[in-house]
Each structure stands twice: as C-alpha cells, then as structure tokens.
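Participant: We have chain A already, so just place chain B on it with the hints.
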Amino acid sequence: MCTTCGCSGTNGVTITDPATGEKQVATQAEHDHAHAHAVAHEHGHAIEDAGGDHHHSHPRAYRPVHEHGRRFLHGHDHGHDHTHPHGHEHGHAHAHEPIGSGVVALHARVHRTTITLEQEILAKNQRLAERNRGWFAGRRILALNLVSSPGSGKTTLLERTIRDLQGQLEIQVIEGDQATVNDAERIRATGCRVIQINTGTGCHLEADMLARGLEALQPSPDSVVMIENVGNLVCPALFDLGERAKVVILSVTEGEDKPIKYPHMFKASQVMLLNKIDLLPHLRFDVEKCIAYAKQVNPAIQVFRVSADTGEGMAGWYGWLRGQSAGREDFGAIA
Amino acid sequence: MHELSITHSVVAICAERAAEQGMDTRVTRVTLEVGKLSAVMPDALRFCFEICAQDTVVEGAQLEIIEIPGRARCRDCGGEVALSELFGRCRCGNANLDLIAGQELKIKHMEVAECAQPADALARTA
Chain A
1 MCTTCGCSGT
11 NGVTITDPAT
21 GEKQVATQAE
31 HDHAHAHAVA
41 HEHGHAIEDA
51 GGDHHHSHPR
61 AYRPVHEHGR
71 RFLHGHDHGH
81 DHTHPHGHEH
91 GHAHAHEPIG
101 SGVVALHARV
111 HRTTITLEQE
121 ILAKNQRLAE
131 RNRGWFAGRR
141 ILALNLVSSP
151 GSGKTTLLER
161 TIRDLQGQLE
171 IQVIEGDQAT
181 VNDAERIRAT
191 GCRVIQINTG
201 TGCHLEADML
211 ARGLEALQPS
221 PDSVVMIENV
231 GNLVCPALFD
241 LGERAKVVIL
251 SVTEGEDKPI
261 KYPHMFKASQ
271 VMLLNKIDLL
281 PHLRFDVEKC
291 IAYAKQVNPA
301 IQVFRVSADT
311 GEGMAGWYGW
321 LRGQSAGRED
331 FGAIA
Chain B
1 MHELSITHSV
11 VAICAERAAE
21 QGMDTRVTRV
31 TLEVGKLSAV
41 MPDALRFCFE
51 ICAQDTVVEG
61 AQLEIIEIPG
71 RARCRDCGGE
81 VALSELFGRC
91 RCGNANLDLI
101 AGQELKIKHM
111 EVAECAQPAD
121 ALARTA
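Taken in sequence, the protein lines are chains A and B.
Heads up: the first sequence begins at 1 in the working numbering, then just goes up one per residue.
Heads up: the second sequence begins at 1 in the working numbering, then just goes up one per residue.
Here chain A stands alone, though its shape is the one from the complex:
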C-alpha cells in the first residue's frame, strides 16, 4: 500500500463534490507520485508521460565512485530477485572472468557504486506546489492555507467569513480531512462552492492532492480559495501547497504556549488568528503571553484576536483579507 495516500487499500484519497455527490477515488492510475516498487518505471512513469510532464528521466550528473572491490556475496542472499519479473540475461554477465572453477557458480560478483544525489526529499511536492502557485497567479486567485490543531474553529471561522463577506469577496473552499464530508456540507450550507478531499491515512494535504481538488473545484478567476488543511499542528508546516500564505488558527481553549510547543507551524505562518476570545472570561489564558510566544518564534507574524462565534475582532481579519485580495499583482508566496 502506498503510504502517502493509502492507495490500493481502502483508505485512498477521495475527492468529493458535495453539490453533485460526485466522488473520485484517487487510484494508482491517477497518481503522479512515484511508487516505491522496484519496477516503478513500468507504471508510474507512463502517467507522467501522458501528462506531458516528464521529470524522471533527467538524471543529475552522476559522480560515480567505483569500488571494484573483490566482494562476493552468496547469490541466494538476494531472495527478492525472484519476485521481479525481469530475468538475469543482462550483457555484462559475460564481462566477468571465471574465478576458480566450480565455486563461481555459487557466487555472484557485486559491483558497488556510490551515486551522489544531493536531492531534496520534498522536491517533488515543492515542484507541484510551484505549479499550483503559477496556476493561481494565472487566474489572479488568492489562495490561503488554513492550519491548526483539530477543534480550533477553522470551519466555523470560514462559515462566518464567507457569510460576512458575501458580495464583497468570492470565496471557494477546499476542505481537507482524513474522513467524512461533514465540513464540506457545513460550508456548502453557506452557498459557497466547496470540494472535500479525504486523505484517508494521510495527516496533511500535499500539493498533488490540492491540484486534483482544484481540478474538481474549478475556482473562478479573481476569487479567493481557502484551503482548510487537516487539523494537525505538525505535518502541514512541511508541505507547501502553492498558497500565498499560511494562516494558523489557535483557540484560547488550547494552551497559550502552543506557539513554542509547535514552533514550525507558527514560523511557517504569516498570520495567526487567536480564536474563541469570547470564552476568555471563563478561562485562565494569558493572551499577551501567547502573542509574545508567537512573536518569539516568528517576529513577523500578524495576529488578530477574533471570535468566529460572536464576530468580535473579525473586522481586522477581513481588512487583511481585502488587502491581500486587492494586491493581486504579486501572487508569489509571502516570505
């Protein structure tokens, strides 16, 4: 089973349009992330070729360090060879001089080479994220990646934002959750166009999932796309989706030290929405301390204190949104 998306099992990534009920299951054939099977070139690449986007066949300059060591391994150690469909009739077998007599038959010669890769592990996601960024820029769409722990009030905040800005900003939503279309149904009730991505076993959205979601959503030019990531304060920090900015939502029912407990997310975000401030009278939560922690991790972070329930403080957030939306000439990521 693919561990990125759980394909070929029952936990695959699915994309649901709650308006039509149409559901797409991302099967292996739709993937463009490479599978780890040794013979990956037999399936994965064909898809990339079909898409006209051919990355794999451009090997970097290898600097092979040959180590013609006279090492011998017992041939039968390589049990996995038998499970692969290819045979052993490769030409270079003849290059080897028999050593000794009958012993040769029991040994295989191993030729070890060190290949310098210097490859960023997340390069593929980064490349796809940049493609999404270009896609948004071409349509003058403002894309925001909303991140938080589960239960911070992301969906409620979106519902209110959509209702309050109706007629001013056209907002469309991509919902990310491991399972259910519940959040998408809530957003749809506001009259807003929405697509649900279920990641199955995945704990965050990745750029290719977003690309598939956008294909289904078909957002209009000059609009705003809000991407509600999977509730998780760790993993989504590492995976760029092609958004203009990450907006982290922290609610006052959580600990005030979350910014220093989960610094990656607060460092990667440009805006922090401190939500549920209407509950402050009932809680021991030091707002100033929380904001100081956030600024300690990320001195440039902009903070808005809001209550998505009562509407208190939402005007500041809307002002920021309008400002970002108006500045459409520059749609690169905010540093």
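Don't take each hint at face value.
[Unchecked claim] Per the computed footprint, the stretches of chain B lying under chain A, defined by three or more beta-carbons under 8 Å from a beta-carbon of chain A, are:
#1 2-10
#2 80-89
#3 108-114
These are computed hints drawn from the structure, not numbers from a lab.
Where is the CB? At the ideal position from N, CA and C, for every residue including glycine.
Facilitator: Then chain B, alone, in the frame of chain A:
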C-alpha cells in the same frame, strides 16, 4: 507522522535512481542529511525505512543519517548563533534571526550494487 510519507519519498527516489542504473541494481546504503530543526525525527525515519523499503530494490539497505545542527544569522548585527530550537536570540539580544542551517532534508548519496549472476557459469555447473 509525516516521517512515513517522507521515508516513502526517500525509497521512491532511490528506487527510481537505481532503476536508471540497470535491471539488477540494488541499493545497499542510503545517506540522508537531516537538519535538527527540520521537524523530522531520525528515529522515526529509521523505523519507517525498513517498512517502506520492503519488496523494493532498497530492501535491506543501510540507512545513514547525518544530523545537521541549527545555525542562524542575526538580522541586526549579522552575527551567527547556534540554535537548538527553531527560535532563539542573538548575543546582541535580537530575536529576528534568519536560519542558515538545520532545516536540511536531503538524500546525499546512495550506494548501489550490481549483482551479476554469470549465466554461463551457472550453466556449467548445472
């Protein structure tokens, strides 16, 4: 548990590169550079590696992880400071720092082995 998805990418990249080398190429060693401020735990990578490598040409390969300590440059005084967390303060008191090391997440190199089974030699002793 993003380490699982990251390890999956490592195995996929290595398997793809190994396939470019030839049909009978196996990966025997993979060397990663992981920054101490990258939010990726080396132990979790090691745990996932064996699982992800199963039934691939990377199966059985040794995983080597080089950990890179965090370093930042102060935007105020330009001084360099060592960081054990993602945030900190320069000696001059400023907290506005640019990370210059410690967020690496890279495959440095891999060792591959071509396992040649001389077919003719096998035939002789058969």
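Participant: If a hint holds in the structure, say so; if it doesn't, say that too.
Facilitator: Hints, one by one, checked against the model:
{"no.": "1", "hint": "2-10", "verdict": "holds (count 8)"}
{"no.": "2", "hint": "80-89", "verdict": "holds (count 3)"}
{"no.": "3", "hint": "108-114", "verdict": "holds (count 7)"}
Consistency with the previously given hints is maintained throughout, with no hint failing.
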